[in-house]
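*Asks:* First to last, the sequence lines map onto chains W and Z. Heads up, the first sequence is in this note's numbering, so the first residue is 4 and it goes up one at a time. Heads up, the second sequence is in this note's numbering, so the first residue is 10 and it goes up one at a time.
Read the hints as simulated data drawn from the structure, not as lab findings. Bear in mind the structure is a predicted one, so any value in this text is a computation, not a measurement. Glycine included, every Cβ here is placed at the ideal spot set by N, Cα and C. Take these hints with a grain of salt, some might be off.
To spell it out: a stretch of chain W is covered by chain Z in this simulated footprint if at least three of its residues, at any positions, have a beta carbon under 8 Å from a beta carbon of chain Z; those stretches are [as the list claims (entries may be wrong)]:
#1 225–232
#2 253–260
#3 273–279
Distance condition first, Cα-Cα at most 16 Å in a straight line; then the derived EDC-like pairs of lysine to aspartate or glutamate [what the hints assert, rightly or not]:
#4 246/W - 187/Z
#5 94/W - 115/W
#6 162/W - 126/W
#7 246/W - 190/Z
#8 343/W - 333/W
#9 246/W - 286/W
Listed below are several chain Z residues computed to face chain W (Cβ distance under 8 Å; list not exhaustive) [said to hold, decoys possible]:
#10 81
#11 130
#12 150
#13 188
#14 233
#15 288
#16 334
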Amino acid sequence: MTKDGRDLSRRRLLLGGAALGAGALLTACTSNEAAPQTAQTMGANEGNPNSSPGQRVVIGFSAPAADHGWMAAIINNARAQAAAYSDVELKVVEAGADAAAQRAGVDTLIAEKPNVLVMLPHDGAELTASGIKAMQAGIPVINLDRAFNQALAYRTLIKGDNYGMGVSAGNYVIAQMRAKGVTSPVIAEIAGIDSLPLTQERSAGFRDTLTAAGLQIANRRAAEFTADSGQREAANLLQALPKIDALWNHDDDQGIGVLAAISQANRSELIMVGGAGSKAAIEAIQADSGVLKATVTYSPSMASSAISLARLIGQNKGMGDLVELQVPKEITLASETITKENASNYISLGF
Amino acid sequence: MTTSEKETAAATPGQVGKAAPPAGPQHGSGGPAKESWWKSDATENARRNLGLVGVLVALVVIGIATRPDLYSDPTWVKNNIFTILQQASAIGVVTVGMTFVIIGGGIDLSVGAIMALAGVWATTVATQSFGAGGMIFTALAVGLGVGLVNGVLISYGRLVPFIATLAMMVAARGLAAEISDKQTQVSTSSVINGIATQRILGIPLLVIILALVVAAGWVLLNRTTFGRRTVAVGGNSEAARLAGINVKWHTLLLYGLSGLCCGIAAIMLMAQANSAQAAMANLYELDAIAAAIIGGTLLSGGRGTIMGALFGVLVFSTITNLFAINGLSTESQNMIKGAIIVAAVLIQEFRFKSVSQLFTRNKGATA
Chain W
4 MTKDGRDLSR
14 RRLLLGGAAL
24 GAGALLTACT
34 SNEAAPQTAQ
44 TMGANEGNPN
54 SSPGQRVVIG
64 FSAPAADHGW
74 MAAIINNARA
84 QAAAYSDVEL
94 KVVEAGADAA
104 AQRAGVDTLI
114 AEKPNVLVML
124 PHDGAELTAS
134 GIKAMQAGIP
144 VINLDRAFNQ
154 ALAYRTLIKG
164 DNYGMGVSAG
174 NYVIAQMRAK
184 GVTSPVIAEI
194 AGIDSLPLTQ
204 ERSAGFRDTL
214 TAAGLQIANR
224 RAAEFTADSG
234 QREAANLLQA
244 LPKIDALWNH
254 DDDQGIGVLA
264 AISQANRSEL
274 IMVGGAGSKA
284 AIEAIQADSG
294 VLKATVTYSP
304 SMASSAISLA
314 RLIGQNKGMG
324 DLVELQVPKE
334 ITLASETITK
344 ENASNYISLG
354 F
Chain Z
10 MTTSEKETAA
20 ATPGQVGKAA
30 PPAGPQHGSG
40 GPAKESWWKS
50 DATENARRNL
60 GLVGVLVALV
70 VIGIATRPDL
80 YSDPTWVKNN
90 IFTILQQASA
100 IGVVTVGMTF
110 VIIGGGIDLS
120 VGAIMALAGV
130 WATTVATQSF
140 GAGGMIFTAL
150 AVGLGVGLVN
160 GVLISYGRLV
170 PFIATLAMMV
180 AARGLAAEIS
190 DKQTQVSTSS
200 VINGIATQRI
210 LGIPLLVIIL
220 ALVVAAGWVL
230 LNRTTFGRRT
240 VAVGGNSEAA
250 RLAGINVKWH
260 TLLLYGLSGL
270 CCGIAAIMLM
280 AQANSAQAAM
290 ANLYELDAIA
300 AAIIGGTLLS
310 GGRGTIMGAL
320 FGVLVFSTIT
330 NLFAINGLST
340 ESQNMIKGAI
350 IVAAVLIQEF
360 RFKSVSQLFT
370 RNKGATA
């Protein structure tokens, strides 16, 4: 019994030591070297009179703390675009964790009286009052991506286009099928989280575009914006359709799993279109190494453009090519289609 | 040596604590003579599993009836079977661990979160620099480690399993998000990614891993002291303690086992998706619990089978496949899944037993 007990304690000591060692080794394994961030900016342009330095503009900027790659790119782009102008000073106020924190931050910004305020709200409806407050204080507000629910709250709204993503994907698929001479193509769709309005808008755009061209979606699965859910839905979708001509996947991160499933099933007869425009996806499109032939953007470059619009408004200028002397009230970005041909133009825009 | 003999001997009354001879997993050597062979407790588990096989067959028949064009191609059928099994592989491994925890009288709500943490930790730039071996070691160590933390909190910290693992579910996903910076981490290891494509004698490696884990789980539950103690602890932990079983230590091991299964499953899912992220394996805890329960594992502990759990997982995987090949929406699929959970349990309870037997069984099991 005593011998057993001693053996046991020695064994436990060894186990404990091994556990400690493993723990120490593991904690060393959590580091992720930061990927170098390239920003999406518009540099000085000789031919554009607007780009020559003008009156000094102080721009206040408020956006939620980065919790995913897209948001990190938004903040990065805003800073870089402001730095590209010699006549712009950017004051960034961290919006904190929620709408209440962002409201407080915006109040601080308003008190500092910037010339223009750029705001990407945590929630459009909850920050509408802050937008109105700034406008009342005589500070034009650029509302970025998540729209306030009253037009009174912003001078200019610039946002991405989820419906347009579906339209762009649909148009690309239609063009490719016509080019290949496929008359009744088998088209499939892997959506993101189905309960989100953005997913429904993307799917509606895709469906409407195909319907208008007399085509239909043979099978549609909803994943969860994660790679493993993408793999799961794609694996089953590929079984459902032994031959696919075109597949639209809503999100490039989810697409990592979708592409994995396609290669695991040894399928190569289809063309795939992605969504959002991640760096990895654009690189794959440029290399033309697999089934991924295009991706439709929802680009964080809109933050750079928001800073440029803020500067124009601050300097009381219009947009060069338009007749109007002022910046328009609303701008919805076109969802652009990145293909092998133009991928080199977009590679720096990937996030 | 003497201790363990004593335990084994004492475990028998402990695990019975209910109706007649050992109703526990397939080790019963025959029921009372007055009952027919078919109704004896010894074959009860087989009958339960037969019910699930019936559901599986029904699902396949529906598949054949709705898509005869696909089912007429033997190559497609083979691929489809492998697809269903591969999609069941990671969740199947998790369910084996979950079944042990539930038989032992506990619950583990943190399995999905442990998988995410193990997967994310194994795919950091630093870990990937150690190669596939480093990644596998990390995933297993993180899974086992987090499982043991659960075990310590529950057995020595006296936390209710539901609360302890709920807290771990939130915390582990949080840590995973922290480590990954909410990004999807791509696995560049061809060895890891190859786990999803490798075939041995024509059988996908993922399916072989699932088979090995299920076989190991079956042996552990039905042929070892550890398994008998698990049933004893879950059936009546006080009786088990009086019989000389170190209930706390055993509970700790059960959660460690569940965590280790999560580590294995994380590697499998990581291989399939070529990546890991903090949101991966979403809601796996519910699928694993549901599969164990429809497989005949008693939620209050003390009874359950590994094979039943496997069939439970296969039923879910087949439903997903059936809905996909018919192009039906995910919402309707979830509705049917819920209905099948209820139906499977009801059928199992009423088809083979009278209501009075049901009553005595439940009374015995919760005593």
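*Asks:* Look at each hint and say if it fits the structure.
*Replies:* Status of each hint after checking the structure:
| no. | hint | in the structure |
| --- | --- | --- |
| 1 | 225–232 | holds (count 7) |
| 2 | 253–260 | holds (count 3) |
| 3 | 273–279 | violated (count 0) |
| 4 | 246/W - 187/Z | 41 Å, violated |
| 5 | 94/W - 115/W | 10 Å, holds |
| 6 | 162/W - 126/W | 14 Å, holds |
| 7 | 246/W - 190/Z | 38 Å, violated |
| 8 | 343/W - 333/W | 31 Å, violated |
| 9 | 246/W - 286/W | 26 Å, violated |
| 10 | 81 | 11 Å, violated |
| 11 | 130 | 6 Å, holds |
| 12 | 150 | 5 Å, holds |
| 13 | 188 | 5 Å, holds |
| 14 | 233 | 19 Å, violated |
| 15 | 288 | 5 Å, holds |
| 16 | 334 | 4 Å, holds |
Violated hints for the displayed structure, listed by number in ascending order: 3, 4, 7, 8, 9, 10 and 14.
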